[in-house]
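Assemble the whole structure, with the sequences as input and the hints as a guide.
The numbering of the sequence shown is my numbering, which starts it at 1 and goes up by one.
Since the hints were made in silico from the structure, they are not lab data.
From the three backbone atoms N, C-alpha and C, an ideal C-beta is built for every residue, glycine too.
It is possible that some hints are incorrect.
[Stated by the list, open to error] Here are the computed distance ranges between Cβ atoms for each label pair: (1) Leu-10 / Arg-130: 47 to 53 Å; (2) Asp-223 / Gly-51: 35 to 41 Å; (3) Thr-3 / Asp-52: 49 to 55 Å.
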Amino acid sequence: MPTTAPPGLLDRDLSKAEARQAIDLAVPLLTEIVNQGLAVLARCFAPPIQGDVHMAVLLPFHHLLEMLDGVQLLVGEAAPSAARPQLRSMLEALLYIEHITETGPDTLQYAIRGYAYLVARTRDALKALRALRRYDAATPEGQDLIARSVVKVDRSIEDIDRNIAHLEARLVKTPWSDVDSSRQALHRSKGPWYCLGTGTPSNLGNLADRLGRSVYYDVLYRDYSGAVHAADTSRQVIAHAPGRVEIRQLRDPDELHNVVCIAVDLALGAIERVLLTYRPQEQRVHKLWYLPESVARVWQLQSVTLEPRAAQPRAHRDGARMNHAPVPARRNRTPTPFPAPARDAWTAPRGARVSD
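See below:
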């Protein structure tokens, strides 16, 4: 039997109506940037690039675009707060891309960092596959795990073993094996993959600081980690008094402008860096035409305000009972910590040179 959500906790239609003008600007912008990023990715594979080390950049780039596509879906449903994990993931992908491509694709440093990333991901995949190996119906332990598990492993043991053998064979080839030996020494000292090489950072915060992304790290990685680890309690509680707690409604569009601005900035930074690394002949056109147009659309979005919300019930807990109290009209929002990009310029990717 269908259940109606309490209007103080969720009103899907009202949230979308309140943010309709902003959504109508944001969704086409995000969709266009996803499409442009995928077009750039496709051109990087045509003609096929030589060497698997380049996958260390193009796979995180693909991941970033997939997360951006998810942000677009959530913004279109007036649920920007749910995009926090995607933004955090986009930041990590961009940091990896910028770190690996800090020098040109023909340099030794690029190769060391690229293979360090690929080896680390391969080791992670092996660890995950070996964990699935426990679900072998031919063993007593596997039978017990299968019986107690709600999630069913849809891969056969034979398929898992083939994948394990394939990944292990990759790690014994040069230069994978050389980088893997160095990485295992790092792993014993608790160092991440991006520590390989002289002067590389010891943690993600240091990496973000060196790449000029420390503000993003403080907000997207530190603060937004609460959304990833179910620890963002302070954001969910609006007001607190003795015996009374007011809880934020779902699909509150307050963060929509900020989420879109961050997503656009991260994605355009990644697109420009990938172009500069693999398609430098296209970088000038991208800088002079595509970036200014995208920035102009961000500024147009920033000028849009959400429709004021009339007073309506909001769920709050008073003692042991859930009651309803009127919600005050929407107040001015906290200024975004990430202002829209400058109208007259777009900065080059960190650590990179842009030709005139």
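Each hint tested on the structure:
| no. | hint | verdict |
| --- | --- | --- |
| 1 | Leu-10 / Arg-130: 47 to 53 Å | violated (42 Å) |
| 2 | Asp-223 / Gly-51: 35 to 41 Å | holds (38 Å) |
| 3 | Thr-3 / Asp-52: 49 to 55 Å | holds (51 Å) |
Of the numbered hints listed earlier, the single one contradicted by the structure is hint 1.
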